[in-house]
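Since the structure of chain A is provided, determine the placement of chain B on it from the hints.
Number of protein chains: 2
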Amino acid sequence: MTKVLPVAQLTAEAYPKVKRNPSFKVPTKDDVQYFRSFLDFDEILESSNSEELASFNQDWMKKYRGQSNLVLLPKSTDKIAKIMKYCNDNKLAVVPQGGNTDLVGASVPVFDEIILSLKNMNKIRDFDPVSGTFKCDAGVVMRDAHQFLRENNHIFPLDLPSRNNCQVGGVVSTNAGGLNFVRYGSLHGTVLGLEVVLPNGEIISNINALRKDNTGYDLKQLFIGAEGTIGVITGVSIQAAARPKALNAVLIGIDSFETVQKLFIKAKNELSEVLSAFEFMDRGSIECTIEYMGKPFPLVNSHGFYVLIETSGSNKRHDDEKLEAFLSSALETKLIAEGKMAKDLDEYNLFWTWRKSVPTACNSYGGMYKYDMSLQLKDLYSVSEAVTKRLNDASMIGDAPKPVVKSVGYGHVGDGNIHLNIAVRHFTKELEDLLEPFVYEYIALKKGSISAEHGVGFHKKGHLHYSRSEIELRFMKDIKNHYDPNGILNPYKYV
Amino acid sequence: MTKVLPVAQLTAEAYPKVKRNPSFKVPTKDDVQYFRSFLDFDEILESSNSEELASFNQDWMKKYRGQSNLVLLPKSTDKIAKIMKYCNDNKLAVVPQGGNTDLVGASVPVFDEIILSLKNMNKIRDFDPVSGTFKCDAGVVMRDAHQFLRENNHIFPLDLPSRNNCQVGGVVSTNAGGLNFVRYGSLHGTVLGLEVVLPNGEIISNINALRKDNTGYDLKQLFIGAEGTIGVITGVSIQAAARPKALNAVLIGIDSFETVQKLFIKAKNELSEVLSAFEFMDRGSIECTIEYMGKPFPLVNSHGFYVLIETSGSNKRHDDEKLEAFLSSALETKLIAEGKMAKDLDEYNLFWTWRKSVPTACNSYGGMYKYDMSLQLKDLYSVSEAVTKRLNDASMIGDAPKPVVKSVGYGHVGDGNIHLNIAVRHFTKELEDLLEPFVYEYIALKKGSISAEHGVGFHKKGHLHYSRSEIELRFMKDIKNHYDPNGILNPYKYV
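Here the protein sequences line up with chains A and B, keeping their order. Under UniProt numbering, read the first sequence as residues 1 to 495, first letter to last. Under UniProt numbering, read the second sequence as residues 1 to 495, first letter to last.
It should be emphasised that the hints constitute simulated quantities derived from the structure, not laboratory data. We put the beta carbon where it would ideally sit given N, CA and C, even for glycine. Do not rely on the hints blindly, as some may be mistaken.
[What the hints assert, rightly or not] Partial list, derived from the structure: chain B residues whose beta carbon lies under 8 Å from chain A:
{"no.": "1", "residue": "ASN200"}
{"no.": "2", "residue": "GLY201"}
{"no.": "3", "residue": "GLU202"}
{"no.": "4", "residue": "GLN221"}
{"no.": "5", "residue": "GLU273"}
{"no.": "6", "residue": "SER314"}
{"no.": "7", "residue": "ASN315"}
{"no.": "8", "residue": "LYS370"}
{"no.": "9", "residue": "SER374"}
{"no.": "10", "residue": "GLY455"}
[What the hints assert, rightly or not] Under the rule of at most 27 Å between Cα atoms (straight-line distance), these lysine-lysine pairs were calculated in the DSSO-like manner:
{"no.": "11", "chain 1": "A", "residue 1": "LYS316", "chain 2": "B", "residue 2": "LYS119"}
{"no.": "12", "chain 1": "B", "residue 1": "LYS266", "chain 2": "A", "residue 2": "LYS480"}
{"no.": "13", "chain 1": "B", "residue 1": "LYS343", "chain 2": "A", "residue 2": "LYS316"}
{"no.": "14", "chain 1": "B", "residue 1": "LYS480", "chain 2": "A", "residue 2": "LYS85"}
Here chain A stands alone, though its shape is the one from the complex (with noise of 0.2 Å):
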């Protein structure tokens, strides 16, 4: 394991408003004991210094840091079983974790809660290359995954820039949905099946779910995108898709925003079915990215944004056919200013680099803030602009000692989805204030929603009511009071 030093501040400190639920048992000697004794010696990480599991209280964005001193990475999920019975029964708080790539906190502890890695259920359990059905141990990394289904002439449905590290059942506890939902659509749709244990250590499981099961309430959907509130997923059935044998991809240059939307409405139509992504950037968000990585950028001037469009397809010909019938007319039209198509895979792949690298560029000067939203395609980038527009009134844009290296915005046009990336050189409250509730009321003014696919976490406990209407909110609050009646599952966080 990395050696990671500690740097987010505790997010106890940061937010003293937070207070530990006493009704939590503080984890003891003899709690551990207890786990010792069916918990091999590599399922325990322990320490008496909190620091010491950095790389476990911290999250990735460096913004929330817990103070758990115990980390479980059970191998079986009749452990984890044993382990939800005995914390439940004992009224000890429990993080669930996957990759620890998750963006609002969820996925790390506030105070001592001991954190439950899934790392070790890493296990691919079946694959059926007829339905296409693929199961595995919810902590299986994304990126084996992938591997495992390419290998087998398959593909996940779902992919992320955290591939490498995010595992599996992290993705669907959160309902990501990555870069080619434009393609593949929602987790909803995908998984067929869940094992799951809960917070009273029951298993209950659908796994071996097929296609089409119509007998009864769809159990399962509850826990996607639940965030590990509600229960431990701990393995997943999911329906991959046939491998495409052709990939390609353009990148574009575009002076407008007004244009990206209507580049998209020529990509849905001219596309269609061999359309897998549409992705934009701003200016802002390549010139970080050009900075990070220390390369020149493949298209030769500077645009307000940047669109990378990828179709995905069973015939390269074919593909490649309307690609260039779509580039070339967009470029006779002037619809675009500049526009380049990949001429072989790895030129494929580089493009997909630039775009794939923005999110660590704008976390490498410091820290970030960062909102995930939806909004309706017209509005999609107005957030961006006023967010910038704020932050330059109030002068905090700039070089150092200004907090804020920059604020960018790219996302998923063909999910009206926008993530606003604030470049920090360090955090601040005032700063915190300047953006906190001004993003979620611009949000429910243009009624969007304040979390498109990174979910609530810690960070928007307390703001879904900006999306979410006061039915609503009773609602998942009664889910949660149901299914973990002492609240033990990732408390301080969701709703």
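Positioned in the frame of chain A, the structure of chain B alone reads:
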């Protein structure tokens, strides 16, 4: 309204073990008086003789018939809310009813439940051509939704043989799969938002949700496929797909089901992103349909199985090329015995008419027993063979007076979903006992689902344990009790 004569036996007589729940109030003149206080003349149908309301009391298969004397057909969500509140306060049982095309007795009363028809909730609410978001009242007929979207260069992501009668809300309530599931996937993925009236009259809605929304538990999912047991869906928002510019179909004759499977793998591989349906029909299905349609079948020879493959895409020439290459190589390698590509849209429609007429054809002899199951592809047709053998062994199939005309199997290969239709001259207890629990036990043995897409309803209540575990059943009952504590919504059914 067309006059429908009652022909089905009363459910209460056919299933004497099912008793009316005495805690439900019998609707009285005062209740009707109350409903009249806020409903218009055309929003109430009342008769002292339930036979006059046969088209609402009796199901499409003529297998179930209730005895309701009261049909409410409100025109607004608020009126539905008012109705539900009153019924809940007064313990009046209610059956929500869409197009009444369901196949498990879910949409008709068993005793004197009030029928809440969504017929008058028939307005399209909104359509956004950029994102493809389509919003409508629950009672919009599927055909009308299709037509509206086609005119707007999109398509509804689901189609059914019953499209002329079934309603959007009913389709969502029953989580229908339909003919293009292999392409557009599950409603759990395509439904974006729902407006639902709860048993107590509260309205819960996220109908304005955008394509992606990760702000808490995805509550709407519970209502998809809940068959109106925990709420009445009154509005639906769904992701429409871009309208394909090219549609094509081939009709194929094949001699064994093993070859059907091989052909499916070949189609997934070669037609991939343009494949939009892969349907199979056995010889018996087509024989029934030839008799019903009174027309010659488009293929020259008789075969054990028939397959209808549809492609849809954005480029006719590309699609044709793919499909022609697919068909030629399948013929050349003698994988298939006979195959015909639709020469134009008329022939394309003709091919589909054959497929879509199978259920009606099977239902034209008097009635039918209908089973709808998921199995692994290798086992898919075996259930049909097992049932036919069982009926033959009992000398049940043949000319009158034998009860069974034919037992046939057809369905969606792409989804591992077979429909088993046992066309009968009349329903008998002896026949039902021969079929059940035999069919369910067979499916349980093969680890399939006893309801792939038709749902549970009255027919499969009490049989769910063949496909679901004890804990799942407990969870389901718990959900029902939690959201409908008085049990007034669609009683005697589901869990």
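Results of checking the hints against the structure:
1. The beta carbon of ASN200(B) is not positioned within 8 Å of any beta carbon in chain A (closest approach about 11 Å), and the interface hint is therefore violated.
2. With 8 Å as the threshold, the beta carbon of GLY201(B) stays out of range of chain A, its nearest partner Cβ sitting at about 12 Å, so the hint is violated.
3. About 6 Å separates the beta-carbon of GLU202(B) from the nearest beta-carbon of chain A, less than 8 Å, and the hint is met.
4. The closest approach between the C-beta of GLN221(B) and any C-beta of chain A is roughly 3 Å, which is under the 8 Å cut-off, so the hint is satisfied.
5. Restraint check, GLU273(B) versus chain A: the minimum CB separation of about 5 Å is within 8 Å; hint holds.
6. For SER314(B), the shortest C-beta to C-beta distance to chain A is roughly 4 Å, which falls under 8 Å, so the interface hint holds.
7. Proximity of ASN315(B) to chain A holds as hinted, the smallest CB-CB distance being about 6 Å (cut-off 8 Å).
8. Because the smallest distance between the Cβ of LYS370(B) and any Cβ of chain A comes to about 14 Å, over 8 Å, the interface hint for this residue is violated.
9. Because the smallest distance between the Cβ of SER374(B) and any Cβ of chain A comes to about 4 Å, under 8 Å, the interface hint for this residue holds.
10. Annotation: interface hint on GLY455(B) holds; nearest CB of chain A at approximately 5 Å, less than 8 Å.
11. Proximity of LYS316(A) to LYS119(B) is assessed by CA-CA distance (about 48 Å); at most 27 Å being required, the pair is judged violated.
12. Taking the CA atoms of LYS266(B) and LYS480(A), the gap is near 46 Å; set against the 27 Å cutoff, the hint is violated.
13. Pair hint LYS343(B) plus LYS316(A) holds up; C-alpha atoms about 26 Å apart against a cutoff of 27 Å.
14. About 26 Å separates the Cα atoms of LYS480(B) and LYS85(A), which keeps this hinted pair within 27 Å; it holds.
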